[in-house]
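Enquirer: My request is simple: use the sequences and hints to build the entire structure.
Following the working numbering, the numbering of the sequence shown begins with 1 at its first residue and continues without gaps.
It should be emphasised that the hints constitute simulated quantities derived from the structure, not laboratory data. Note that the Cβ used here is the ideal one computed from N, Cα and C, for glycine as well. Some clues are possibly wrong.
[To be verified] Derived pair list, reagent style SDA-like, types lysine to any residue, alpha-carbon separation capped at 25 Å:
id : residue 1 : residue 2
1  : LYS140    : ILE245
2  : LYS140    : ILE186
3  : LYS75     : VAL195
[What the hints assert, rightly or not] Cβ pair distances, simulated, as ranges:
id : residue 1 : residue 2 : range
4  : PRO109    : PHE463    : 44 to 52 Å
5  : ALA14     : PHE442    : 25 to 33 Å
6  : TYR83     : VAL195    : 16 to 24 Å
7  : TYR189    : PRO93     : 31 to 39 Å
8  : SER388    : VAL456    : 36 to 44 Å
9  : ILE20     : ALA141    : 17 to 25 Å
10 : ALA215    : ILE111    : 50 to 58 Å
11 : PHE442    : PHE101    : 44 to 52 Å
12 : ARG331    : PHE214    : 50 to 58 Å
13 : ALA215    : PRO93     : 23 to 31 Å
14 : TYR83     : ALA141    : 28 to 36 Å
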Amino acid sequence: MKSEVIILVAGRVAQAALTIAGFRLITTFLSPTDVGSNYLIISLATLFGMFLHSPVCMYLNRKLFLWYDSKNIFKHLLAYNIYSLIVAVSAVPIVFVAWKFFGVGAGLPGIVFALIVACYTYVLNWNQIFIPFLNALGYKASFVLLTFATTGLGLFCSVSFVYFSGPSAVAWMSGQVAAIALITVISAYVFRQKVPEPGIPHGGVLQYANKVVFANIAGFAIPLAGAAFFMWAQSQSYRVVVEKINGAEFLGYLAVGFSIATSVAGILESLVQQIYLPGFYRRISGGDKAARHAALAELAAKAIPVYIIYLFFIIGSAEYLVSFLVAERYRSVFVYARYGAFMEFFRMTANILASAAHSEMRTQVLVKPYFFGGITAIVGVYLAALSSHPSALIPSVLAVSGLITVAVMWRVTNSMFSLASDPKPFISVLLLSLLFLPLAFFHVHGFLLSLGVLLVSGSYFIFLQYKVAGKWFDSPKANFNGGLEFAHDENLIRAKQEL
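Expert: Shown next, in the form of structure tokens:
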């Protein structure tokens, strides 16, 4: 069991190394304007991924146990591919209209802009199905290698495209699309070899024309789509607004700062999902309400302390992280990284609380929290972008919108389960994490000094995370079998990939 955890952690360490390289490369080769355009492309692709792909993927995740045991996964994936192609094709005219008539991405060539968004949406969607499915089914080594290959080849292809065709957001994203497409094909082949079935029944696709089956999927996915749209509005829509009002250059600086916090959060959240979520889904799939309640309470007790440590680490270490990760001209974005830490902390906490709705199959209740958070973000960012101090007000609005989402999500979750628990573990983690804060008040100049401070704070960060995780691995009550030895169910598919 622990050997598989080591594989996952080692994979994430390697992923972190590539993330460091990615930040350095993109901020070295691309101007702030091109970086802003790059993030705009990702944001629009994420809209289609979160709003249209992710809700149906959640249905696939929820049924993976049943389909694997009955050996009929592939007919469902074939049916989903038809839907996925429709989404990708639909993205082309939608993005082109936004470019032509609303000036979204005005600095990009229109049809190329639309095609890149569509292709990136399609290939990334399948990449984030096959590779996480391998992890959920227990093939940890394949998962780690293919994840690493996706990021590594993506950086290689992006740099190659930029080198041969000139620095631009289009060249960088074209390299990403090419690399992800290649690794996705390889992942599909590996998945087919690992999950043998008698054959691929093409006729099974027709079952989705059945009104009852379609209604079941729609009943599960449509509320999630509503929640996902407002989730996108809260976390991603600022890019469209800022690019339109304040320009791609300002967006580039803002997004780089936020993305430093997002990347660290993504690595942590991915580990939480890979280690804890499969076991959580296994427990709720056959348990009564009391068992589901216990599973959710345990998940929160495992995950939220991890996120508390993260929050204070980024607040204290942001300036040193920025000095290490990005090119010289982007060094001022460390302030945005601190705001980004609050945004990510609230987002990840809301995701944990949202697991209550998934466990009860009451996904419609998720619309309300993300509605309030999303509306706050859209209206607030628009007004902040028009103000005389957009650089301070825009990140403040986004952090507040995340807090609003968590507050409403807490109320919604408590209507299903009482989440009252012993606060002592959370308080102890909070007190230990406060030791990061003095770093925010000291300024060290020079790459080597910044690296030295970062090594100290990073070591303490790893130590705290080890202590938190070790408590669960050493506990005789902890149940990891579902996630670490043989997991049929799936962790949540993340709908964004920053670099």
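Enquirer: Hints first: check each against the structure and report whether it holds.
Expert: Hints, verified against the model:
| no. | hint | result |
| --- | --- | --- |
| 1 | LYS140 / ILE245 | violated (45 Å) |
| 2 | LYS140 / ILE186 | holds (16 Å) |
| 3 | LYS75 / VAL195 | holds (13 Å) |
| 4 | PRO109 / PHE463: 44 to 52 Å | holds (49 Å) |
| 5 | ALA14 / PHE442: 25 to 33 Å | holds (31 Å) |
| 6 | TYR83 / VAL195: 16 to 24 Å | holds (21 Å) |
| 7 | TYR189 / PRO93: 31 to 39 Å | holds (32 Å) |
| 8 | SER388 / VAL456: 36 to 44 Å | holds (39 Å) |
| 9 | ILE20 / ALA141: 17 to 25 Å | holds (23 Å) |
| 10 | ALA215 / ILE111: 50 to 58 Å | violated (37 Å) |
| 11 | PHE442 / PHE101: 44 to 52 Å | holds (50 Å) |
| 12 | ARG331 / PHE214: 50 to 58 Å | holds (53 Å) |
| 13 | ALA215 / PRO93: 23 to 31 Å | holds (28 Å) |
| 14 | TYR83 / ALA141: 28 to 36 Å | holds (31 Å) |
Comparing the model with each numbered hint stated earlier shows that hints 1 and 10 do not hold.
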